Amino acid sequence: MSEFALKTALPAYLRAEQERIQKVAAEQGLDFFPIVFEILTYDQMNEIAAYGGFPNRFPHWRFGMEYERLSKSYEYGLSKIYEMVINNNPSYAYLLEGNSLVDQKLVMAHVCGHVDFFKNNFAFRSTDLDTGGTTTDPVARRKDYDPNRRWIDKMANHGSRIRRHVARQGINKIEEFIDHCLSLENLIDPHAAFRGRPVRPDPDAEEKATEIPRLRAKDYMESFINPEEYLEQQRKKIEAEKEKAKKFPEKPERDVLKWLLDHAPLERWEHDVLEVVREEAYYFVPQMQTKIMNEGWATYWHSRLMTEKILDASEIIDYADNAAGVLATAKGQLNPYKLGVELFRNVEERWDRGQFGKEWEDCDDLDAKKNWNLRLGLGKKKIFEVRALYNDVTFIDEFLTPDFCRDHKLFSFSWSNRNERYEIETREFKQVKEKLLFQLTNAGSPFIYVEDANFENRGELLLKHDHQGLDLRVDYAREVMKSLVRIWKRPVNLNTIGEGKPMMMRFDGREHTTRHLRKE
Amino acid sequence: MSLKIDQDHSRFRGIVRGRIRQNLRKYISQGELIGRKGKDVVSIPIPQIDIPRFRFGDKQQGGTGQGQGEPGDPVGGEPGDEPGEGRQAGEGAGEHLLEVDVTLDELAAILGEELELPDIRDKGKSKIINEKDRYTGVRRVGPESLRHFRRTYREALKRQISMGAYAKDRPLIVPIPDDKRYRSWKTEAEPVANAVIIYMMDVSGSMGDEQKEIVRIESFWIDAWLQRQYKGLESRYIIHDAMAREVDRDTFFHTRESGGTMISSAYKLCAQLIDDHYPPEEWNIYPFHFSDGDNWSMDDTMACVELIKQKILPRVNMFAYGQVESPYGSGQFIKDLRDHFSKDGRVVTSEIRDKDAIVGSIKDFLGKGN
Chain A
4 MSEFALKTAL PAYLRAEQER IQKVAAEQGL DFFPIVFEIL TYDQMNEIAA
54 YGGFPNRFPH WRFGMEYERL SKSYEYGLSK IYEMVINNNP SYAYLLEGNS
104 LVDQKLVMAH VCGHVDFFKN NFAFRSTDLD TGGTTTDPVA RRKDYDPNRR
154 WIDKMANHGS RIRRHVARQG INKIEEFIDH CLSLENLIDP HAAFRGRPVR
204 PDPDAEEKAT EIPRLRAKDY MESFINPEEY LEQQRKKIEA EKEKAKKFPE
254 KPERDVLKWL LDHAPLERWE HDVLEVVREE AYYFVPQMQT KIMNEGWATY
304 WHSRLMTEKI LDASEIIDYA DNAAGVLATA KGQLNPYKLG VELFRNVEER
354 WDRGQFGKEW EDCDDLDAKK NWNLRLGLGK KKIFEVRALY NDVTFIDEFL
404 TPDFCRDHKL FSFSWSNRNE RYEIETREFK QVKEKLLFQL TNAGSPFIYV
454 EDANFENRGE LLLKHDHQGL DLRVDYAREV MKSLVRIWKR PVNLNTIGEG
504 KPMMMRFDGR EHTTRHLRKE
Chain B
317 MSLKIDQDHS RFRGIVRGRI RQNLRKYISQ GELIGRKGKD VVSIPIPQID
367 IPRFRFGDKQ QGGTGQGQGE PGDPVGGEPG DEPGEGRQAG EGAGEHLLEV
417 DVTLDELAAI LGEELELPDI RDKGKSKIIN EKDRYTGVRR VGPESLRHFR
467 RTYREALKRQ ISMGAYAKDR PLIVPIPDDK RYRSWKTEAE PVANAVIIYM
517 MDVSGSMGDE QKEIVRIESF WIDAWLQRQY KGLESRYIIH DAMAREVDRD
567 TFFHTRESGG TMISSAYKLC AQLIDDHYPP EEWNIYPFHF SDGDNWSMDD
617 TMACVELIKQ KILPRVNMFA YGQVESPYGS GQFIKDLRDH FSKDGRVVTS
667 EIRDKDAIVG SIKDFLGKGN
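So the sequences go chain by chain: A and B. Residues in the first sequence are numbered consecutively from 4, following the working numbering. Residues in the second sequence are numbered consecutively from 317, following the working numbering.
Hints are not guaranteed to be accurate.
Stated by the list, open to error - Straight-line Cα separation of at most 20 angstroms, SDA-like style, residue types lysine to any residue; simulated pairs:
(1) 412/A to 382/B
(2) 320/B to 258/A
(3) 176/A to 323/B
(4) 492/A to 272/A
(5) 249/A to 237/A
(6) 412/A to 467/A
(7) 176/A to 327/B
(8) 485/A to 515/A
(9) 485/A to 372/B
(10) 625/B to 597/B
(11) 176/A to 329/B
(12) 467/A to 258/A
(13) 373/A to 362/A
(14) 176/A to 367/B
(15) 436/A to 411/A
(16) 502/B to 458/B
(17) 625/B to 665/B
(18) 627/B to 589/B
(19) 157/A to 320/B
(20) 433/A to 383/B
(21) 383/A to 31/A
(22) 436/A to 457/B
(23) 627/B to 656/B
(24) 412/A to 383/B
(25) 436/A to 382/B
(26) 433/A to 382/B
(27) 176/A to 326/B
(28) 528/B to 567/B
(29) 176/A to 331/B
(30) 176/A to 274/A
(31) 384/A to 401/A
(32) 26/A to 310/A
(33) 412/A to 389/B
(34) 467/A to 372/B
(35) 320/B to 46/A
(36) 320/B to 11/A
Hints in this document: simulated from the structure, not taken from any laboratory. Source: prediction; values computed, not measured.
All chains should be modelled from the sequences, with the hints used to inform the complete structure.
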């Protein structure tokens with residue numbers, strides 16, 4: 004499948020390790036897609052990493068930039084990529100040539116955790132290709148679940164589609180258009196896959212005359228209970244409602260890219276490029292939604308498998324050295340590996356000891372809480388359940404406790420204008436959690452909706468920024484509006500709030516204007 | 317194996333190069349380059365190209381972290397470093413500085429392109445070639461003074477051993493003529509440095525650090541451009557207040573005197589330098605003078621004008637005068653020069669108000685192609 008497949012197969016001794024590790028992982032209850040390991044030089048590793056894991060992607064300078072960053076930081080010894088694993092069925096995982104045997108084993112165990120997560124976490128169902136990207140019930144799945152996730156092929160197809168356009172239109176034209184599309188990459192609805200199909204009104208249904216609801220009344224009372232003026236009023240109201248329903252779109256549309264694909268006057272190649280960018284953006288959504296959980300889960304399992312089953316005594320120091328590096332928190336930053344694994348361990352312990360439910364919550368006695376142990380042994384069952392049914396937001400929301408927050412010294416920080424630096428703001432559980440959740444929601448991006456595609460009856464596009472306390476970066480927003488005009492081909496308006504004042508930003512293809520609105 | 321990424325990478329580099337060009341003015345004014353000058357490569361820090369998206373303003377957002385510290389303590393790391401969390405790799409936060417290496421030659425090419433500098437007209441003086449001898453080999457004949465002792469000894473030893481004439485307990489080696497080896501040389505042609513820049517700078521009390529910084533940056537770019545035009549380039553440095561003296565580059569940029577200003581002293585020394593070392597038939601000569609335009613007296617200014625007319629102009633390609641603005645200087649000198657030389661294309665004057673004006677003044681100086 005991969006062009007490296009022949010040259011990059013594992014040597015026999017690593018294949019033996021792979022079999023052994025997968026066997027012990029399966030014994031522990033992990034359930035993963037088949038895994039294909041390939042071994043790459045750092046150059047190949049950097050290249051594939053620059054392409055987001057896919058050896059054949061569409062051509063764009065952004066990947067070249069990423070490659071330069073990766074290879075420079077490798078050459079200067081700042082960082083190196085240990086492993087990479089692709090959500091694909093079968094899953095592809097890449098090992099770095101020249102790593103020590105202990106490292107390779109660690110990576111393999113880690114990868115088993117990831118692939119189990121890909122297969123079992125509900126968020127990744129949106130990447131099942133055979134259900135057309137939509138699943139009606141993300142939770143239930145059959146025993147022999149074996150979805151089509153041949154994304155490596157799909158991305159390669161995207162690559163050749165774009166290459167074909169490049170051959171026809173020239174690289175500059177296509178690349179410039181891709182630049183515009185990438186600016187809009189985050190204007191998608193991360194929950195699109197789980198919304199179900201929209202209910203379409205039956206087009207064959209006859210249009211009925213407007214029926215005005217009347218209050219029930221005896222005949223002789225009719226003109227008193229449903230007087231003429233009242234009926235007229237009701238009729239107007241209903242008609243106004245209908246008029247409103249003709250708005251386009253009827254309800255604000257979160258998936259801006261879909262809206263543009265369906266309604267913008269695009270040439271065929273433009274349509275094709277935008278479609279590719281949108282599909283790939285959706286592919287990466289679940290990985291962003293479950294970063295903490297995914298890394299936490301993989302780390303939890305590599306550490307258990309390695310220390311309990313795989314390592315021999317001579318390897319333990321090397322392993323510990325490496326594992327410590329993975330879990331280090333540098334300069335006060337949150338490390339998703341560490342936060343994730345500690346939360347999973349915490350959940351396991353709490354469910355083993357029965358530290359949950361009403362009785363636990365209601366207990367005020369510190370001593371009793373400290374020694375609380377009902378010996379339920381539900382921990383393992385619980386964490387497997389959690390890995391299937393949660394994403395980062397719900398995971399943090401439900402399982403981050405004040406005790407955990409204190410024990411792990413979490414804090415929130417903010418920018419101090421006076422000292423020109425980031426400063427610790429608070430260690431209060433509520434605020435820390437709030438901030439953490441905010442960062443994770445919508446992958447830290449603002450919420451933008453298509454509000455009206457025929458704004459002011461001039462065919463202009465009106466977007467609305469659902470302001471939740473943070474302003475947009477104006478210079479960036481202006482650039483994005485340029486891209487929107489390029490695609491929509493008519494002026495674009497953005498309704499947002501800046502420094503507390505509602506305002507309307509507008510780009511008409513030539514100049515940007517900003518108009519403050521009166522508060523509604 | 318050739319990598320697929322190469323194509324994307326070279327696209328990126330192309331864009332970066334384009335970006336350098338667009339932002340060249342900015343980089344020049346920042347003067348950052350000079351600090352990073354290597355042997356022939358200049359590292360230019362460029363921000364990674366950020367694809368614009370709808371996103372939140374940077375500093376409002378804040379975030380969450382883990383570790384020691386009280387509320388009000390700084391979050392670990394450099395100021396301005398954005399501690400991030402839960403971000404996808406490559407979805408990097410803020411501006412990453414990426415260093416791009418550009419050779420000096422490439423940089424000068426970009427500079428020339430950006431400022432539309434014409435190539436300098438060849439005056440037919442650049443063909444001078446020096447011959448130089450280099451000892452590169454060994455041969456069997458030659459003068460005794462070039463005898464290679466060790467090789468000769470070795471040959472003699474080899475011969476004696478093979479003939480059986482070598483006695484271990486009495487190791488006496490006697491060379492015969494055939495054993496003798498001599499050093500041999502090759503004559504190589506090498507181009508002579510054929511252009512010289514004579515930098516002169518006023519270091520009197522009124523020239524502050526900021527003014528000197530401007531001169532430093534400007535001279536870097538002048539060097540870069542002329543280096544591209546001439547194979548060999550020499551630079552000489554003269555500082556002056558009421559007296560002038562020749563110094564090395566480092567002293568040139570770091571000296572601060574407090575005396576008055578007699579510009580003619582520098583021009584005298586400049587003329588002297590040309591007389592002694594740079595016959596105008598062989599050299600392209602570029603005197604650059606920087607000052608804040610405050611001269612001691614009108615008499616001295618007249619002396620300067622005479623010196624330029626009589627001693628300097630006949631021998632040089634051009635004479636450049638750059639006037640940096642200082643709070644103390646009257647700025648009169650440039651007016652005087654313009655009065656006298658407004659018709660002479662070889663005298664170029666330029667006012668440099670601040671760092672941002674450097675680009676314009678480089679264009680003034682080098683835009684004529686003298």
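Against the structure, the hints come out as follows:
1. 412/A to 382/B: holds, 5 angstroms
2. 320/B to 258/A: Distance ~32 angstroms between residue 320/B and residue 258/A Cα, so the pair is violated.
3. 176/A to 323/B: holds, 16 angstroms
4. 492/A to 272/A: Holds, at about 16 angstroms.
5. 249/A to 237/A: holds, 19 angstroms
6. 412/A to 467/A: Outside the cut-off at roughly 38 angstroms; violated.
7. 176/A to 327/B: Judged against 20 angstroms, a Cα distance of about 13 angstroms means the pair holds.
8. 485/A to 515/A: The hint holds at about 9 angstroms.
9. 485/A to 372/B: holds, 18 angstroms
10. 625/B to 597/B: holds, 18 angstroms
11. 176/A to 329/B: Holds, at roughly 18 angstroms.
12. 467/A to 258/A: Holds - the C-alpha atoms of residue 258/A and residue 467/A are around 12 angstroms apart, at most 20 angstroms.
13. 373/A to 362/A: Distance ~14 angstroms between residue 373/A and residue 362/A Cα, so the pair holds.
14. 176/A to 367/B: Holds: residue 176/A and residue 367/B sit about 17 angstroms apart, inside 20 angstroms.
15. 436/A to 411/A: Since the Cα atoms of residue 436/A and residue 411/A sit roughly 13 angstroms apart, the hinted pair holds (cutoff 20 angstroms).
16. 502/B to 458/B: Status holds; Cα separation ~14 angstroms.
17. 625/B to 665/B: holds, 15 angstroms
18. 627/B to 589/B: holds, 11 angstroms
19. 157/A to 320/B: With Cα atoms ~18 angstroms apart, residue 157/A and residue 320/B stay inside 20 angstroms; holds.
20. 433/A to 383/B: holds, 18 angstroms
21. 383/A to 31/A: holds, 10 angstroms
22. 436/A to 457/B: Status violated; Cα separation ~90 angstroms.
23. 627/B to 656/B: Measuring from Cα to Cα gives roughly 15 angstroms; hence the hint holds.
24. 412/A to 383/B: holds, 5 angstroms
25. 436/A to 382/B: This hinted pair holds, its Cα atoms lying about 12 angstroms apart.
26. 433/A to 382/B: Holds, because 15 angstroms separates the two Cα atoms, which is no more than 20 angstroms.
27. 176/A to 326/B: Holds, at about 17 angstroms.
28. 528/B to 567/B: OK: residue 528/B and residue 567/B at ~12 angstroms, within 20 angstroms.
29. 176/A to 331/B: holds, 14 angstroms
30. 176/A to 274/A: holds, 14 angstroms
31. 384/A to 401/A: holds, 17 angstroms
32. 26/A to 310/A: holds, 15 angstroms
33. 412/A to 389/B: Holds: residue 412/A and residue 389/B sit about 14 angstroms apart, inside 20 angstroms.
34. 467/A to 372/B: This hinted pair holds, its Cα atoms lying about 15 angstroms apart.
35. 320/B to 46/A: The given pair, whose Cα atoms are some 11 angstroms apart, holds under the 20 angstroms limit.
36. 320/B to 11/A: holds, 17 angstroms
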